[in-house]
Structures are given as structure tokens and as C-alpha cells.
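Number of protein chains: 2
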Amino acid sequence: MRPAAEQLDLLRRGIDAITPEAEFVKKLEASARTGTPLRVKYGIDPTGIDVHLGHTVPLRKLRQFQDLGHTAVIIIGDYTALVGDPSGRSDHRAGLTKEQVEANARDYLAQVGKIVDLSRAEVRHNGDWFSRWTFLDVLDLTRRMTIGQVSAREDFALRLKSEKPVYLSECLYPLMQGWDSVEIRADVELGGTEQLFNLLVARDLQQDEGQPPQVAMTMPILVGTDGKQRMGKSLGNYIGVSEPPETQFGKVMSIPDEPMRQYFTLLTDLPMAEIDAMLAPGVNPRDAKEVLGKTIVSQYHGPEAAEAAAAAFRRRAAGEDPEEIPEVPVPRDQFDADGRITMPRLIVALKLDSSTSNARRVIEQGGVTIGPDRTPVTDPKAPIAVPDGLIVRVGKRKIARVRRS
Amino acid sequence: MRPAAEQLDLLRRGIDAITPEAEFVKKLEASARTGTPLRVKYGIDPTGIDVHLGHTVPLRKLRQFQDLGHTAVIIIGDYTALVGDPSGRSDHRAGLTKEQVEANARDYLAQVGKIVDLSRAEVRHNGDWFSRWTFLDVLDLTRRMTIGQVSAREDFALRLKSEKPVYLSECLYPLMQGWDSVEIRADVELGGTEQLFNLLVARDLQQDEGQPPQVAMTMPILVGTDGKQRMGKSLGNYIGVSEPPETQFGKVMSIPDEPMRQYFTLLTDLPMAEIDAMLAPGVNPRDAKEVLGKTIVSQYHGPEAAEAAAAAFRRRAAGEDPEEIPEVPVPRDQFDADGRITMPRLIVALKLDSSTSNARRVIEQGGVTIGPDRTPVTDPKAPIAVPDGLIVRVGKRKIARVRRS
Numbered sequence: 001m002r003p004a005a006e007q008l009d010l011l012r013r014g015i016d017a018i019t020p021e022a023e024f025v026k027k028l029e030a031s032a033r034t035g036t037p038l039r040v041k042y043g044i045d046p047t048g049i050d051v052h053l054g055h056t057v058p059l060r061k062l063r064q065f066q067d068l069g070h071t072a073v074i075i076i077g078d079y080t081a082l083v084g085d086p087s088g089r090s091d092h093r094a095g096l097t098k099e100q101v102e103a104n105a106r107d108y109l110a111q112v113g114k115i116v117d118l119s120r121a122e123v124r125h126n127g128d129w130f131s132r133w134t135f136l137d138v139l140d141l142t143r144r145m146t147i148g149q150v151s152a153r154e155d156f157a158l159r160l161k162s163e164k165p166v167y168l169s170e171c172l173y174p175l176m177q178g179w180d181s182v183e184i185r186a187d188v189e190l191g192g193t194e195q196l197f198n199l200l201v202a203r204d205l206q207q208d209e210g211q212p213p214q215v216a217m218t219m220p221i222l223v224g225t226d227g228k229q230r231m232g233k234s235l236g237n238y239i240g241v242s243e244p245p246e247t248q249f250g251k252v253m254s255i256p257d258e259p260m261r262q263y264f265t266l267l268t269d270l271p272m273a274e275i276d277a278m279l280a281p282g283v284n285p286r287d288a289k290e291v292l293g294k295t296i297v298s299q300y301h302g303p304e305a306a307e308a309a310a311a312a313f314r315r316r317a318a319g320e321d322p323e324e325i326p327e328v329p330v331p332r333d334q335f336d337a338d339g340r341i342t343m344p345r346l347i348v349a350l351k352l353d354s355s356t357s358n359a360r361r362v363i364e365q366g367g368v369t370i371g372p373d374r375t376p377v378t379d380p381k382a383p384i385a386v387p388d389g390l391i392v393r394v395g396k397r398k399i400a401r402v403r404r405s
Numbered sequence: 406m407r408p409a410a411e412q413l414d415l416l417r418r419g420i421d422a423i424t425p426e427a428e429f430v431k432k433l434e435a436s437a438r439t440g441t442p443l444r445v446k447y448g449i450d451p452t453g454i455d456v457h458l459g460h461t462v463p464l465r466k467l468r469q470f471q472d473l474g475h476t477a478v479i480i481i482g483d484y485t486a487l488v489g490d491p492s493g494r495s496d497h498r499a500g501l502t503k504e505q506v507e508a509n510a511r512d513y514l515a516q517v518g519k520i521v522d523l524s525r526a527e528v529r530h531n532g533d534w535f536s537r538w539t540f541l542d543v544l545d546l547t548r549r550m551t552i553g554q555v556s557a558r559e560d561f562a563l564r565l566k567s568e569k570p571v572y573l574s575e576c577l578y579p580l581m582q583g584w585d586s587v588e589i590r591a592d593v594e595l596g597g598t599e600q601l602f603n604l605l606v607a608r609d610l611q612q613d614e615g616q617p618p619q620v621a622m623t624m625p626i627l628v629g630t631d632g633k634q635r636m637g638k639s640l641g642n643y644i645g646v647s648e649p650p651e652t653q654f655g656k657v658m659s660i661p662d663e664p665m666r667q668y669f670t671l672l673t674d675l676p677m678a679e680i681d682a683m684l685a686p687g688v689n690p691r692d693a694k695e696v697l698g699k700t701i702v703s704q705y706h707g708p709e710a711a712e713a714a715a716a717a718f719r720r721r722a723a724g725e726d727p728e729e730i731p732e733v734p735v736p737r738d739q740f741d742a743d744g745r746i747t748m749p750r751l752i753v754a755l756k757l758d759s760s761t762s763n764a765r766r767v768i769e770q771g772g773v774t775i776g777p778d779r780t781p782v783t784d785p786k787a788p789i790a791v792p793d794g795l796i797v798r799v800g801k802r803k804i805a806r807v808r809r810s
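Respectively, the protein sequence lines represent chains A and B. Sequential numbering of the first sequence, starting at 1, is according to our numbering. Sequential numbering of the second sequence, starting at 406, is according to our numbering.
Keep in mind the hints are simulated off the structure, nothing from the lab.
Quick partial rundown of chain B residues pointing at chain A, CB under 7 Å, derived from the structure:
1. F540
2. V543
3. L544
4. T547
5. R548
6. Y572
7. L573
8. S574
Cβ atoms here follow ideal geometry from the backbone N, Cα and C, with glycine treated the same way.
Excised from the complex, chain A in its bound form (with noise of 0.2 Å):
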């Protein structure tokens, strides 16, 4: 193991705060003279679907942690995804039924293998234990809790002070997260920002059972790609890490320049001073920008597929046609006697709209051309004979090539 000074350092970039830093800073001393990997827990919820680079930062965290020879501890809260985790939501969440948790689980588990090392970690589903445990098991974690301890929680506070409801049973959520890092005996937990409270409820309860209590480690929130709001699926600003590399480096170029330095510290593994240097002032941001999206699409697709992105990116950003474009079988019903068709309905067609109302409105506002000269259409309801192969253009970024058939 390397000098626990040394593991500090490299543990410490991008994070928002160890909580408390001193107790870390002696458990990293304590296991770095004695060989004994401390037990870093992370948690997730398995009631979403499509993991994301916001979801990544704590991730890649605990794949550091690993790396630098510690034990990984994943909890699947299976069970507490039952009740919902209200963390940073403006508004109660239902739970979900059992089947669905099951479902989503496994799932997730597939998406964060790509992020974390799943054979050196340890899984634990929080079910195995709570799923034992009786009514008054309940009552008695129930005590170790007073209402004015979670409403002083933020996001619950907001909801109170709004009059908007909090249920009994999503304060029981920071119990269970906590008494999860109990069963697994955690040295450290890793969360969001937004994750503090819960994070530290687990103390008490640790100490309560003779335990010492974990450090948390603290991450901030990733901005999504309009560099404003933190990302996520439901606003439409986040990057998957499932996602096609194309789509990947496209949103990666897309972020304003602020966002930037946030993400090669939290997405990457590029030195600081590499990272400075790049986005010194008089330096094309947007050269930045590539090797960003390069090195975050590498990651999840491997650098050739990642160098691909960057090089159909250029060359539609140069107004070229991709390299490869899709063909789009058209019956041969579609035309009329002569092979000819009206341009709307040929869009229509080869799907690159869904109407032909929208269709016409882009071929009057001169956005459609055909053919390697790109002709441009200007008449929505004049027939075009249309040879097998013809390459129609709607707008900058959709193409299609007819196949008759």
C-alpha cells in the first residue's frame, strides 16, 4: 500500500468534503502501517434505470479506492427502494414494488460494472437483513431519531416550510441507509453532497453498537450539459454512460465552457497540470473540449471508438456528410406510376420526420437538399423522380439514403 499521505492526496481531488477530515486521515494511517484495506461503502438505490456521469463521480471514487487497495462495498438497497429515497427531491417519491426493484437492480449492477471493479468488490443487498427484521426491531431503530433531528434535514426542511408533505416513512430511510453501514462494518461512505445527513446518522448508529463510526466523503454535483442544473435524466441534460459514443462526445461538446473544469476533475484521471494547461486562457476551448469527450467516451466504448466519435463530429461540424449513412427501404407503392413521389412524403418515408406538414415547412425554409451536389428542394408539391440510392439531407444532422424496394 502506498503512504497513507500520498493515498490522501490522490483520494482528495474533486471532493467536496471528508467529514470528519481528521478521523479519515487516521484510518488511512492506520490501515496504510498495517496492510488492512479499509471498507468504503456506496450505496444505490435500484429505482432508476439509466446510469449517468452525475452517478459516475462517486463511482469512480470507490474504482480509486479499490485501485489504491481498499475494499469496495456496493449496498443494493434493495429494501429501502420500497420506500423511496426523498434525497434532493423536491417532492415525495413513491416506492416500488418488489418485482420492479429486482429488475432494476440487476440492471444497474451491469451499467456500474463499468465503472467499478464488481469481481474485488463486495454486493450486498440491504434486503438480506431488514427482510428478517420485525416490528419492534423497527421500533428500536425508530428511537435512535427525534423529529427534530430529520426536519432539520435541508431538503426535508424546504418541504416542511412549503407545507408539502414528508412521510413517516421516507425518515425512516436515513435510519435504514445508516444502519446499512452497521451490518457492513464501514470505515467510509461515499455520497453527493445532498448525502451528508444520512451519511452521518450511520455515526451514532455505529457508535450505539460499539462500532467506530465511518468518515463520509462527500462529492459534488455534476452540472448537466446546459451547465446549469445539476444533471439528470428527467431534464434532459445528462450524459449515459450507455449511451452510443456518437451521442456521448456530441453532448460532451455541446457543454458551455464553465462546466469544463468540473468535468475533467470528477470524469477524468488527466493530471491537474495537464488539465490546467488546457484550459489556460488563450487556448481553444474547444480542443479542450475534444480530448474531453474523447477521454470520456474512451472509458465507457475504448479509445478507437471514441476517436471515431471525434472524427464523424468534425466532419459533420465541417457540413460533410457522415461516412456511413443509413438506407432507408422505400416500397415501391410509395410512387407513382412514373417513380416519381413529393418530397414531404419521402421524408415521411425514410422516417426523417414523422409528418409531412413539418416536412413542408423545412422545405420551404430551404433546410432539404438532395443528391452528392445537395441540391436543394424548394417546391413541397412538385414529384421528384427519385433514382435507387438518392442521399436526402432534412436540416444539419439528418440523412438518409433511399433504398427501393
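Use these hints to put chain B onto chain A, whose structure you have.
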């Protein structure tokens, strides 16, 4: 069954509120019309031991329902007792162990049997259902209530305002009590005024489960013998149903005049007209108090014991010694060679006081007399000749006869 209107008239005596009253009238009418008894619930938490007159207020109402042909359903909250009911308490009350709860329940029921006809009552233990619940069942229950709702409960609100802890476990209590009503399909639930919140929680749960909601019948809180605070063991202002006749009678005679109407209304079946006559201006309240005392003592010890207690009280009030004076053996070695002893030492030997210094003070204040002639003892230091059978009086109440052994 008597007509609903007549029953309503009887049942209204002494109550604080029926919520909602219109529903109760409909239930009574349907019951009288179809001859179907109402199911009247009263829950008891076996957390204490001595049933006092304050507890008998709802129990007597329950008995009245029985006498009108309805079904009394007594819930022994053996499971809820493990949480501790915070109703009307200003502090968190810790739960009991399972063993304590079982012993208390047996003892409690024996005392309740002095008021309710247990042979005609259903007695249910809520551990019968709650002990089978899983964590998920509890979560499902806690989804039915918000922090806002719980915080509105008067006693919780007070504690929250003064920053005293309200434990999450305590918030489960009203939900558990409410679920009891679902299990036994209660039509009416009885309780003290401070129970109104809890009694209404059941209505929501019952409706969620497709049952007609129960009606809450709340009773005023009986004031203690001090005429000021609610009757309670810890305040020392209570009259226990298991206390001896003379103690009960004496305590009734000690109450101020003000709460007499409440005592008559809630603790006796005397017609209201008769009570009005006794409490009319110009009538000596002492006489009314004696009727009250005898009526109450009769309920727990029979009319003869009540009369005897009243007679003994009159004698003592007139300054006479009681009919039976306890004999206390005093060993020979307590006396000097001449068969004498100082009065403070004799008082302690007779167990009339626990310390000689206390006894000395009472002597100096002129509070000690001996013999049939009530000769005052004035010198605490003078040894006194003590014949066998000597009567010693300390203050107004304490008396013993020396039995030299």
C-alpha cells in the same frame, strides 16, 4: 335495546365531545333498529400498575355501553407499550420490556374488571397482529402519515416548540393505535380529550381499508385531589381503585369543593337532579362530599365498607382515636433498667417516624400525646415509664399501642 335517542341521552353524560356527532347518532339508530350491538373500543397500555379514578372515567363509559347492550372491546396494547405512549406527557417515555408488559397487563386487567364486566367483553392483545408484521408492513403503515400531521398533535407541538425530543418511534404510536381499530372493526373509540388526535387517525386507516370509520368519544381529564392538576400517580393527587376504603374515603373528603361536580358526574351514577340539589348554594358541601365518598368507596369495596370508612373518618375528625389501634411490639432491650425510654426513641421503635430528630421536633411543637387522657409529652430528653398497652399519638393521624415483648 332502548331507543337511540334515550341511549344518546345517557351516553352523553360527562363526555367532552363526540367526533363527528352526527355519525354517532346514525350508528346508534342503525344499531337500535337492527339490534346489532356497536363495537366500542377502549385501549389500555399496560405501562403502569395502579388504576386510579382518572382511568375509570372512560372505563365507566365503556361499562355504560355494555349495560346498554353494546360490545366492549378492550385492546391490551402489549405491543404499543413497548414503544411508550407519549399522549399528554411532556417528556419522552421509554418503552418497557416484554416481561414487564405481560405482568402489567395481567395486573391491569384484574383492576379493570372492577369497572367493566370482563365476562361480556372482548379482550384483544395488539401483539397478536403486530408481532407478525415485517419491516415492509411498517413502511406501508408509515406511508399513511406525514411529519406535518404528527407535528400538529398538541403535545408533540409543545415539545417541538420547546425543542424537546419527539422520537420517531413515538410517531408510530398513533398509527398503531389506529390500526387496532381496523383489526377489530371499531364503531366507537373512547379516550381522554388528549387522545382525540389518535382516535381520528383510525378513521383514515379504516376508510383506506374499506371500513366505515369509527366515532371518537372523548372524556374530560379528571382533576386530582388537589383540585388543580390532572389526577396522576406521580403527582400524588390520585385515588387508586385498589386502595383501602378508609384511604379512598379520606382522600375524597380532602378534595376542594370546586371539582365536586366533575367527580359526581364522572364517577357516580347519581341522577343529575340529585347532584344539583346537593351542590345547591346553602347546602353544606361537607355533606355532599360524604355522599360522594360513600358512593365511590361502595363501587370498589361495597356499601358496608363505605359506611365504616365514613364512620371512622367522622371519629377522627372529632378528635377521637380510631376504633382499631395498631399494636406494635417493642423489644425489651429498648428500655433502660427502670423500664423507661425517651420519647423520640419510642416513636422510632413504634415506626411512627423514621428519625429521632424528626420526632424531637414534633414533640417540641406539642404534637405528641400519650395515654387515654392525651397527656402531652414536652421534653424530648426525659425518659418515660412505659406501661404495656400505652397509646402514643404523633400528629393528627399517626397512632400506635405499645406491646412490650
